[in-house]
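**Q** Sequence:
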Amino acid sequence: MMSVLGVALLGLALLSRTAVAFVPVGPGTSSHVNMTATALLQQVSEACQAVADAAGYGFQPTGSSPEELVQACLGPTAIGMVSGAKFHSALQEIYTQNGLIDRDFIDSDPHHFNSEAFLEGRSLILEGMAAIKANVRNENFQAARETLGRVLHTLQDFYSHSNWVELGNSEPYINLIRPDLPLDNLADVNTPTCRDCEKGPCTNSILPEILEKKKLTSGYMGVFFSAKPQGKCSHGGPGDLTSTTVPRGGINKDERRLDNVAVHNTAVSLATIASVQLIEDIRFAVGDKNFLRMMGIARSSVVCFVIDTTGSMSDDIAEARSVVNKLIDSKKGTQDEPSEYILVPFNDPDFGPATRTSDPDKMKDVIAKLQPRGGGDIPEMCLSGLQLALTTAPSSSYIYVFTDAIAKDIELKDTIIALIRRTKSTVSFFMTGSSRRRRRSPTTATFNDYKDMALASGGQAIEVSKKQLPGATGIISDTATSALVTVLQRAGNPGAQETFTFVLDESLQNITIYITASGIIFTLINPAGVSQSNTEANGKLGIIQTVGNLRRIRLNAAHQSGPWKISMKSDQPYTVKVTGQSIITFIYNFVEMFEGPHPGYAVLSGRPKAGQPATLLLSVVGKKGPSSMTVGDISLVTVSGPEVVSNSSLTDMGSGDILVTVDAVPDGEFLVILRGKDKVSNSYFQRQSTTSMSVSKVTLQSVVASSVRPGDAFEIPFSVRTQGSGGLYSIVAKNDKDFPMSYPSSLSLTTGKYTNDTLTITPPASTPSGTDVTLTMEAKSSDGVDSNYVVLRLSVVKKITDFVQPICKVVSVLADDCPQDVSQCGPFQWELVANLTDGNGTGIESISLQQGNGTLSFTSLEAAVIQANYNASCCSQIVEFTAVDKVGNVGKCYHSIVRSGSPPALTLSLPLWLCLLMILY
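Add 1108 to a position in the sequence shown, counting from 1, and you land on the number used in the working numbering.
Mixed in with the good hints, there may be bad ones.
Straight-line C-alpha distance at most 30 Å; calculated BS3-like pairs for lysine-lysine [said to hold, decoys possible]: (1) K1787 - K1673; (2) K1397 - K1917; (3) K1470 - K1845; (4) K1307 - K1322; (5) K1575 - K1472; (6) K1917 - K1907.
These are computed hints drawn from the structure, not numbers from a lab.
Given these sequences and hints, build the entire structure.
**A** The structure is reproduced here in structure tokens:
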């Protein structure tokens, strides 16, 4: 395990690269990110080591890139490619939410420990920790990551904004994450704390009596006002209006200056160590495996099935059952084995529940029990089932919908597209409906609606007969794989002949081209000029499989790298998509810059603004990290119609992160395309996003400020603005749990001005703690031409009354046989006996060994007093195990038999690869 000193030294090493800290991400100003990354990567490393030790394999990363960390963490036995994209995405989600505290809560004292709001600030941390633990227990990992980012920001700010460092403390204030320990010796509002500093900088503005009495204080911050209590310290800096009110100046240590190097460096070090402590508490509470799942370290993608269970679907259900069984059996033990399986049935009027499991045998059992029933009328609740799938599955999942009927709940179409854009999940439809079932419908829905949603996500809309369905489901096995990337994705218009070019590189394997259209003519041409037409099922370039409206072209393994072409002509609309397996990929988000004392970039929840440049924050992922690749250009390209490419300007943000600015955004739907060169293979590559996007003149903003209590009405303020025509705009909100909501059905907007209102949602009192609610809100113009949306996540968490950690009392230690000379320890054993109790708490739920190579056993967890027995070789001289109660409080039991003057048999230091990996961030 990494020592506290090791973290501190690493924090100081990171500081040597930047002059600023405690600020959001930005060029040269990434210390909040650095502190968070240091803590996260250290805890990920320890979790990987623990999992590897338990499974009996070594944790030995071959290099310093996140991809190599993920590969080593997943173990050496599974074959196949491993992508670090999900790990990157998880880190970015945490970093982003960390930075958003400086935008969404700019004037909230508790979120920054400003204005002596210590009790309120700690409440935010404790409530957040409880929400994270409850979310992870319910496998709501994205909600947990978002809350973790926010909580870490507040915790880190304590050390910069308070006088904890000036009081001479050399350790973090553990009471901030321990609800059973009080916050002592706080300066009250009537106690002066600072002297006037007319001409800065002042290095000792805190009053001597405050330091002598060890009174805890923090600077008052006024973003919109200059008043503060008499004699109080200010935060300081150009964004603090109180800093001009006597006593003037400020005590924050956000920036490293010549006059505050020592206290600034100490604040960064303590904030980093405190972050490690908080994350470790969460890791111990949820367990190593769940912690790694939260961090996006898992094998292949999540596979999700949404299946129509009406009476006419018996053949489709049988085929879906066959596909699942074959998928599980063929990919078991490989890197392509799905990390999770999700099943959502739908009928009319019912849909769900969602079954989510990482156990393949359980999924086999669940889908085996799926039976067709009912279905007298034609439209079914397809989109309700799909909505549940999109909010249950993690981002970037692959979702497969089986149906033979159109959607009854077509009003959810806009919500589905918003969720697709937010989650970047790929949705494919297998449609087996007859023409009779398509026509006889009282709704305005058609199968074209499914095509629209598939196109928006980068999926396929496959139309086949029930007899042809088995021939089409091979696409599921293709996409349920690790390290899947998209090289090209376009939609074509009928009548015109179009030629699409794309680049294949040396790293690509299992390259497949999908074309969906009826009566299409195409020719594929490789870099050497060799061609193959649609009439050649088994040609020089690959094998073409035709079933229904799907053409599936599997290129030969000996494909040629370089520029390829595919010329196409059809009398029907069509789509073409080129995929393959490769570790080289990218992750991206559309962002906007925010101003304030600590400016940064915020991820857009909805569509980018029309009439102005679009900005993206993009990270490149490769086998050897970002340094092994050169980025050529990043552009926006239209999805359909004449190809329009909008070029961009790039700003290197470091660590593989690139800020992309596109001045002229294409009209209509567009995708992101990246071109570059892989230094490892000396090969040019091309990658493309799958989720389409478009701009809007409407802006819809909303922020969830805290977790929600079951049974309580929770208000969510929101603001709407349009740069287009004013007038009446409809407001529609949906949540995936169907909790009661109230909100205005419409708002009257004036061009260029925000209109504010509130949505109220009330989770039932019976809602389990840890429930994650996804709420989608849309504002649409009266003519339906323009709209925008926001997707919010709410965590429902019951009020916690058990704040006491389980208690460990060592009863006996038998180590007399252990020799003084550690080199002679081999034949000898030692033993420890301890009693574990939880007092009047919720009861101990789990006990886990965290450090030590011995054997830990314990009596029944139901007992009031649990006896733990630990036996180990005298060569393993330290033991630490944890007890976690039912609300996530973590108690530790630690003992060492190291004798004075005798070093332990084994001393673990921070590995070089982890140092390099952290420095990358």
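**Q** Please go over all the hints and tell whether each is borne out by the structure.
**A** Hint check:
1. K1787 - K1673: Distance of about 24 Å is within 30 Å: holds.
2. K1397 - K1917: This hinted pair holds, its Cα atoms lying about 28 Å apart.
3. K1470 - K1845: 24 Å, holds
4. K1307 - K1322: Given pair K1307, K1322 holds - Cα atoms ~26 Å apart, limit 30 Å.
5. K1575 - K1472: 23 Å, holds
6. K1917 - K1907: OK: K1917 and K1907 at ~29 Å, within 30 Å.
Checked against the numbered hints above, the structure violates none of them.
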